[in-house]
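Visitor: Sequence:
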Amino acid sequence: MTPSNLTRTNSESVSNLSDAGSVKKGERELKIGDRVLVGGTKAGVVRFLGETDFAKGEWCGVELDEPLGKNDGAVAGTRYFQCQPRYGLFAPVHKVTRIGFPSTTPAKAKATAARKVVTTPSGLKRSPSASSISSMSSVASSVSGKPSRTGLLTETSSRYSRKISGTTALQEALKEKQQHIEQLMAERDLERAEVAKATSHVGEVEQELSMLREGQEQYVMESEAKMDNLRTLVEAADKDKVELLNQLEEEKRRVEDLQFRVEEACITKGDLETQTRLEHALLKELEQSLLFEKAKADKLQRELEDSRVVTVSERSRIMELERDLALRDKEVAALRQHLESASGDGSGTDPAAAVLLEEVASLRAQLSSQGAGHQAALQDLRDRLEAAERAHGEALAQLQASSSRLSKDNEQLRARLAQAEQENADVIELWRSKLTAAMASHQQAMEELRAASEKGAGGAQAGELVELRGALERLKVEHKLALEEAGARREAEAAAQTRQGDELKAQLLSLAEEKERLEDSLRTSVESTEEQHLVEMEEQLGKLHAAELRVKELEEGGADLGQQAEVKAKEAQELAASLESLRSQQTQGNEDMQGLRARLEEAEGKAHSQEGKMSELSSQLEGRQQELASLQQEKGSLEQELSSVKKKLVETSGEQAESAQTMQELQEKLSSKEELCTSLSTESEALQSQVAGLERKLKAGEEKLDQLNKGKAKLENDFSDMIKSSGDSSVQLTKMNEDLNQKERRLEELQTQLAEQRERVARSEESRRQEQNRAEQELTDTKEKVQGEVSSLQEKITQLEKKVQKAQSKAQGAKASGEEALSKASELHAKELEELRAQAEVTKKDLSDSANKSKQLEEQVKELLVYKDKAQAAESAGQTAEAVERLTQEKGSLQQEKSEAQALVEELKVSQQKLQSQLEAATQQSSSHQEELTRSKKQLSTESQKISSLSKEIEELKTSASEQAGRLEALEKEKASLSEELASKRQDNSSQGKKLEEQCATLSKQVKEMKKREGTQKKQSQEEKASLQQSVQKSSALITERDKELVKLRDEVSELQRESAAAKLLQVAVQMLETEKSRLQERISSLEKSRTAAPATAAVTTDTSPGDSAMDQLSEEKEMSDSQVHRILPNVAIVIGH
1 MTPSNLTRTN
11 SESVSNLSDA
21 GSVKKGEREL
31 KIGDRVLVGG
41 TKAGVVRFLG
51 ETDFAKGEWC
61 GVELDEPLGK
71 NDGAVAGTRY
81 FQCQPRYGLF
91 APVHKVTRIG
101 FPSTTPAKAK
111 ATAARKVVTT
121 PSGLKRSPSA
131 SSISSMSSVA
141 SSVSGKPSRT
151 GLLTETSSRY
161 SRKISGTTAL
171 QEALKEKQQH
181 IEQLMAERDL
191 ERAEVAKATS
201 HVGEVEQELS
211 MLREGQEQYV
221 MESEAKMDNL
231 RTLVEAADKD
241 KVELLNQLEE
251 EKRRVEDLQF
261 RVEEACITKG
271 DLETQTRLEH
281 ALLKELEQSL
291 LFEKAKADKL
301 QRELEDSRVV
311 TVSERSRIME
321 LERDLALRDK
331 EVAALRQHLE
341 SASGDGSGTD
351 PAAAVLLEEV
361 ASLRAQLSSQ
371 GAGHQAALQD
381 LRDRLEAAER
391 AHGEALAQLQ
401 ASSSRLSKDN
411 EQLRARLAQA
421 EQENADVIEL
431 WRSKLTAAMA
441 SHQQAMEELR
451 AASEKGAGGA
461 QAGELVELRG
471 ALERLKVEHK
481 LALEEAGARR
491 EAEAAAQTRQ
501 GDELKAQLLS
511 LAEEKERLED
521 SLRTSVESTE
531 EQHLVEMEEQ
541 LGKLHAAELR
551 VKELEEGGAD
561 LGQQAEVKAK
571 EAQELAASLE
581 SLRSQQTQGN
591 EDMQGLRARL
601 EEAEGKAHSQ
611 EGKMSELSSQ
621 LEGRQQELAS
631 LQQEKGSLEQ
641 ELSSVKKKLV
651 ETSGEQAESA
661 QTMQELQEKL
671 SSKEELCTSL
681 STESEALQSQ
691 VAGLERKLKA
701 GEEKLDQLNK
711 GKAKLENDFS
721 DMIKSSGDSS
731 VQLTKMNEDL
741 NQKERRLEEL
751 QTQLAEQRER
761 VARSEESRRQ
771 EQNRAEQELT
781 DTKEKVQGEV
791 SSLQEKITQL
801 EKKVQKAQSK
811 AQGAKASGEE
821 ALSKASELHA
831 KELEELRAQA
841 EVTKKDLSDS
851 ANKSKQLEEQ
861 VKELLVYKDK
871 AQAAESAGQT
881 AEAVERLTQE
891 KGSLQQEKSE
901 AQALVEELKV
911 SQQKLQSQLE
921 AATQQSSSHQ
931 EELTRSKKQL
941 STESQKISSL
951 SKEIEELKTS
961 ASEQAGRLEA
971 LEKEKASLSE
981 ELASKRQDNS
991 SQGKKLEEQC
1001 ATLSKQVKEM
1011 KKREGTQKKQ
1021 SQEEKASLQQ
1031 SVQKSSALIT
1041 ERDKELVKLR
1051 DEVSELQRES
1061 AAAKLLQVAV
1071 QMLETEKSRL
1081 QERISSLEKS
1091 RTAAPATAAV
1101 TTDTSPGDSA
1111 MDQLSEEKEM
1121 SDSQVHRILP
1131 NVAIVIGH
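The numbering of the sequence shown is the UniProt record's numbering, which starts it at 1 and goes up by one.
Hints are computed from structural coordinates only; laboratory data are not their basis. This one's a predicted model, so the numbers in the text were calculated from it and none came from an experiment. Don't take every hint at face value.
Computed cross-link-like contacts, EDC-like style, restricted to lysine to aspartate or glutamate with a CA-CA straight-line distance of at most 20 Å [as the list claims (entries may be wrong)]:
1) LYS704 <-> GLU665
2) LYS239 <-> GLU256
3) LYS299 <-> GLU538
4) LYS1044 <-> GLU749
5) LYS783 <-> ASP383
6) LYS269 <-> GLU641
7) LYS952 <-> GLU503
8) LYS543 <-> GLU527
9) LYS806 <-> GLU263
10) LYS783 <-> GLU771
11) LYS226 <-> GLU243
12) LYS785 <-> GLU214
13) LYS252 <-> ASP240
14) LYS476 <-> GLU665
15) LYS299 <-> GLU531
16) LYS1011 <-> GLU1082
17) LYS712 <-> ASP739
18) LYS239 <-> GLU250
19) LYS803 <-> GLU250
20) LYS515 <-> ASP228
21) LYS704 <-> GLU749
22) LYS1048 <-> GLU287
23) LYS543 <-> ASP228
24) LYS476 <-> GLU668
25) LYS476 <-> GLU981
26) LYS543 <-> GLU358
27) LYS1005 <-> GLU963
28) LYS330 <-> GLU320
29) LYS239 <-> ASP228
30) LYS710 <-> GLU194
Just need the whole structure built from these sequences, with the hints factored in.
Guide: So this is what it looks like as structure tokens:
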């Protein structure tokens, strides 16, 4: 090979470089419809050119010939062109080459060089003559492609042809030889110039190698700096890991404390539930007692009205008594005149009648004044009651209006809450869709970057990668900002809602306090009016009773006077024929009186038994009072427990908030760790792409070395040829060989450095993988710990469920025992009621029998009056003086009986006062019970309000916990999506990612199951609460029934008391009848004696005025006794009727 080959190769390399530049320009000028290659392997047709929505820059959409693509011309919902699925592919424009342009690879350069070598005339056969040498030299000069060489060749060829044709060949040959030598010398100079160019080219190559070495050293420095940064990051991650472990241990301790407190809260919750049940029962009892007191007040009002009627009837009775007194006065005056005419005494009138008349007038005046004062007091009480009812109605209307207003405000707040939650959900859904779109575009960009790194992209690809990273970071920052804004907005709305709720609670509390204050004022006013009314009623009753006693005394005094007059007028008017009938009637009357006395004794025994029952009822009331006191003490202790439980709930809520904050911090740290892992993975991928670029550069360097070795071989061949031709270039060849050896040594050093760099990169990759494995192991450990904690929590929840079941069974047992006790008490109560009713019926029968017997006695008295008339017709004479003495004696005996009757009346008054005092004490006790019940009602209402507020706070905490759980689920979903992306990027770590996802899924399922269990437990507790409330309502209904039965018993007791009073009045009437009967018997015996003593005076003259007067007196006394009996019997009937 001639030295012109060197120049030929140099010119070919220059032409190849220019061709490569032109090819790159032609590749960038693509058009739709061109046939192109994507990545050097995938052929297709251009269908789209321009910018896209999923990434920045200019992209080329290609329809491939084979289904090796990724889409059908649409990405992220936007269609750019139409093709079959998996036939479409998007790639940057600089990665697409149009088919038809020459390639820039070394293999193609070699092919073109071979084609050029083949086309040269070096294939001609060499001639052994000098002409052949000259022709070879001319051919070599012509191949160089320069104009000077072509001219020389044409001249030599023309001369050669001319000298062959001429005869003077030798001389011309010598001249030509000399010219040829000169040409060779010129060619040697040209070859030297070409060698100098080659050396300059070698210098350029050395400069390029030095640039490559400097770039490699810079890359090594950058990689070492990155490794240092990675080491610092790993150390920081280890520190964060240690801190997180410490925080996890602290959180475990806090969680254990919270679990213990939750258990205590559950226990106290059960106690509180039982206490609330008891309080509800007490409330029902108090309401029933209030109803009872209202009925009592109504009854008192009715009694007032009855008392008014009684006062009217008493007034009419007083008028009748006055009329009777007037008649009695007239009779007394007539009798006195008769006595004065009969006895001949000149004594004056009795001053007692005048005194009695004066007392009657004073009593009338007192009764009229008392009636007027009583009516005024009743009118005042009515006015007060009407004013209190009006105030109560106004307060109720205000409370109803405020409650309706508050209900409307609550509905508006609920609507606002629903709207805000909907808006938050819409914003979250919008950002989720944006994030998914961004993640999809990021994933596609990463896949394209991976494809580009595999195909060997240049500086433009690195720039696009940086741009994509920047865009990804910007999207992350925007997403974080949007999430923070949404969270801040939601927190602000929640704070506003909580403020509104607090304001509404304050309004409700103020309204409830106003309602309680109004109820207290109304209650106090009603109680004061009732007390005043009772006091006035008692005073009026006392006055009426005193007036009745005074009237009775007057009646008795008038009766005594009338009796004396009648006795003096009727002593001598009874007949002896009526003695036998009177005796028989006496025997019958004695028998009847014995029967009446026995019945009276039985009635008194029954009354004593009723008093014993009343004492038993009072003892039961005292027992109830003691039970109320114990319940109040228990209520105070329960209130203290409630306050402690509230404090504990507040502390637990604060600790829950702190734990939620720590959990959020831990989740943020975990997310930061995951971001660090992702950044480390991206950096490792970038390092891998850089290593691949270095490998490509090494391959290019090796190819250049191969080319240089080939050039060296060519140069050695050329130098050997030149040594053969001339010996002057040996020194230059040795120099060039030394230079080439130095370059080879440098290349070897570069290769060793590259190998060391590869080893360093491999070591860094291994360390990164080890750290990644460590981080994944730590994540698995933390997840196992979390699973262990979750299992412990589940065990504690099961224990709590067992405790709740035990408490429920205890509550059911207590409920059953309470029902049994109620049933027993109701049975005993029913038995007592039946016994009392039977006794009342017996007493009623006895009273009816006594009334019948009194009627029989009246009939007998009437018969006696008939016999008296007969005796008056038959009687002829008697001794008036003895009769008068006997009448005086009988008057004394009657006065004694009157005093005894007054003593009995006083005893009855004392017993009545005792009963009245007992009733007043019972009313005072009932009023004190009512006050205690109202207080306990107030306390229960406040406690119920507090419990409702606590339940609302617990519900708010539950809603916030559910929201946090939703956020955690969203974060877990995002985490799952990120883990899936990491799994798609890291094919080696896909199994571990799947395990982590399965663990996360199991954890989320466990959390959901726990939530479901909590929901079921809440439903069960609510159902049990409802059933207990129903049982409490049933027991309260039974208590109300018992209260009604007690009221009935009290009414029956009052009726029995009235009946006992009537029985006592009957007893008094019977005693009066007995006394009257004994008196009549004595008179009859005295008349018989007088009749036997003076038989001779039977046929005296018809002037028997003294005997007639005695008989008249006897008849008048009989009539007075009958009138007294008739007066007493209506009173008895009135008492029985009441």
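Visitor: Against each hint, give a clear statement of whether it holds in the structure.
Guide: Hints, verified against the model:
1. LYS704 <-> GLU665: 57 Å, violated
2. LYS239 <-> GLU256: 26 Å, violated
3. LYS299 <-> GLU538: The given pair, whose Cα atoms are some 15 Å apart, holds under the 20 Å limit.
4. LYS1044 <-> GLU749: Violated, at roughly 116 Å.
5. LYS783 <-> ASP383: Roughly 79 Å between the alpha carbons, so the hint for LYS783 and ASP383 is violated.
6. LYS269 <-> GLU641: Roughly 10 Å between the alpha carbons, so the hint for LYS269 and GLU641 holds.
7. LYS952 <-> GLU503: 14 Å, holds
8. LYS543 <-> GLU527: With Cα atoms ~24 Å apart, LYS543 and GLU527 exceed 20 Å; violated.
9. LYS806 <-> GLU263: Judged against 20 Å, a Cα distance of about 14 Å means the pair holds.
10. LYS783 <-> GLU771: 18 Å, holds
11. LYS226 <-> GLU243: The given pair, whose Cα atoms are some 25 Å apart, is violated under the 20 Å limit.
12. LYS785 <-> GLU214: The given pair, whose Cα atoms are some 51 Å apart, is violated under the 20 Å limit.
13. LYS252 <-> ASP240: 18 Å, holds
14. LYS476 <-> GLU665: 19 Å, holds
15. LYS299 <-> GLU531: Since the Cα atoms of LYS299 and GLU531 sit roughly 14 Å apart, the hinted pair holds (cutoff 20 Å).
16. LYS1011 <-> GLU1082: 104 Å, violated
17. LYS712 <-> ASP739: 11 Å, holds
18. LYS239 <-> GLU250: Cα-Cα ~17 Å, so holds.
19. LYS803 <-> GLU250: Between LYS803 and GLU250 the Cα gap is close to 28 Å, so the pair fails against 20 Å, i.e. violated.
20. LYS515 <-> ASP228: Not satisfied, since the Cα-Cα distance of roughly 75 Å exceeds 20 Å.
21. LYS704 <-> GLU749: 16 Å, holds
22. LYS1048 <-> GLU287: 19 Å, holds
23. LYS543 <-> ASP228: Violated - the C-alpha atoms of ASP228 and LYS543 are around 114 Å apart, more than 20 Å.
24. LYS476 <-> GLU668: 14 Å, holds
25. LYS476 <-> GLU981: 15 Å, holds
26. LYS543 <-> GLU358: The given pair, whose Cα atoms are some 18 Å apart, holds under the 20 Å limit.
27. LYS1005 <-> GLU963: 17 Å, holds
28. LYS330 <-> GLU320: Given that 20 Å is the threshold and the Cα spacing comes to 15 Å, the pair holds.
29. LYS239 <-> ASP228: 16 Å, holds
30. LYS710 <-> GLU194: OK: LYS710 and GLU194 at ~17 Å, within 20 Å.
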